[in-house]
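K.L.:
Sequence:
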Amino acid sequence: MTTALPASVDDTLALLTRGNYVADRSLATALFLALKLKRPLFLEGEAGVGKTEIAKVLSATLGRKLLRLQCYEGLDASSAVYEWNYARQMMEIRLAEASGGQDRDSLAADLFSERFLVKRPLLQALEPDLAGPPVLLIDELDRTDEPFEAYLLEILSDYQVSIPEFGTIHAHEPPIVILTSNRTREIHDALKRRCFYHWVDYPGAAREREILSVKAPQADARLAAQVVGFVQTLRGMDLYKAPGVAETLDWAQALVELNQLELEPSVINDTLGTLLKYQDDIARIQGSEAARILTQVKTELAATTAR
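Numbering (the working numbering), first residue to last: -3 to 303.
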């Protein structure tokens, strides 16, 4: 069932809440303006902070189709926008030759008609849909090459794609576009200027506890507070890769499966691989450092409770 776009920032916050996404008001404001003014929203931030999830939540709560383009090095138009079905075209040529009933010009026109066009996510996003314009997620744009960014300019400027053999396809109504980047490299200014921008930061302790209560409600409140305190401390350390919210959720759910009601040094050592993804970081935290951080976290939580 299709839902109307939110009419205010408060409505946008309520929409995200219905999708079990805990957002701060600045993110909801950026999202509301992007939806209202029909502009792409460019979300930048560390991996695992919930950028991709926003597109998924919009698709689910608005009742729109989600089209996801996962970016990677070497991504080109044939994988992202369109390509011709060469196998079917060759078969059509052979059938025409066998029948001898079609002249060369009409055959050429037929070969480059829509029925031989393989539509990829960017082209699919321009097509009309009874449920309304789809949500187009261009995920991890920083993984692509700069030439692909240049190709996106036409699509994000005029919401159209030019196909030399076929013509120009233009969206009657712009899709809802969410672009994400983990900032492994800078995205060109020309592309950023076509978008509204928001930096998605790591959440503070209070909001991360709220996220845990929504996403992992089975975790005991004491365990959740200790998990968040431990993770928040790790993010302040000089690690190769600090844990994101996704890792916090993974760790909390793993601890629940182990029937833990609170953190213990031995359990931390045994489960750090669900929280940290690099051996150097794990080796640094395991053992005495994990015990020290846990003692600090429990002391701070006890002091907060006593107030």
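Each hint should be verified, as a subset may be incorrect.
Unchecked claim - With beta-carbon atoms standing in for the labels, derived distance ranges:
#1 E169 with M87: 29 to 37 Å
#2 G70 with Q292: 44 to 52 Å
#3 Q275 with L91: 37 to 45 Å
#4 E93 with A56: 26 to 34 Å
#5 Y193 with R111: 34 to 42 Å
#6 R90 with D138: 50 to 58 Å
#7 H168 with E79: 55 to 63 Å
#8 D276 with K115: 22 to 30 Å
#9 Q275 with A302: 50 to 58 Å
#10 Q282 with D197: 55 to 63 Å
What the hints assert, rightly or not - Once the Cα atoms are required to be at most 27 Å apart in a straight line, the calculated BS3-like pairs of lysine-lysine come out as:
#11 K237 with K61
#12 K115 with K61
#13 K52 with K294
#14 K294 with K273
#15 K294 with K32
#16 K188 with K52
#17 K211 with K52
#18 K115 with K211
#19 K211 with K294
#20 K32 with K188
#21 K273 with K188
#22 K273 with K237
Simulated from the structure, these hints should not be mistaken for lab results. Here a beta-carbon is modelled for each residue, glycine too, at the ideal position from N, C-alpha and C.
K.L.:
Against this structure, judge whether each hint is valid.
P.N.:
Against the structure, the hints come out as follows:
no.	hint	verdict
1	E169 with M87: 29 to 37 Å	holds (36 Å)
2	G70 with Q292: 44 to 52 Å	holds (46 Å)
3	Q275 with L91: 37 to 45 Å	violated (58 Å)
4	E93 with A56: 26 to 34 Å	violated (50 Å)
5	Y193 with R111: 34 to 42 Å	holds (40 Å)
6	R90 with D138: 50 to 58 Å	violated (44 Å)
7	H168 with E79: 55 to 63 Å	violated (24 Å)
8	D276 with K115: 22 to 30 Å	violated (44 Å)
9	Q275 with A302: 50 to 58 Å	violated (38 Å)
10	Q282 with D197: 55 to 63 Å	violated (27 Å)
11	K237 with K61	violated (33 Å)
12	K115 with K61	holds (15 Å)
13	K52 with K294	violated (36 Å)
14	K294 with K273	holds (25 Å)
15	K294 with K32	violated (45 Å)
16	K188 with K52	holds (22 Å)
17	K211 with K52	holds (15 Å)
18	K115 with K211	violated (35 Å)
19	K211 with K294	holds (23 Å)
20	K32 with K188	holds (18 Å)
21	K273 with K188	violated (31 Å)
22	K273 with K237	holds (7 Å)
The structure fails hints 3, 4, 6, 7, 8, 9, 10, 11, 13, 15, 18, 21 (numbered hints given earlier, in ascending order).
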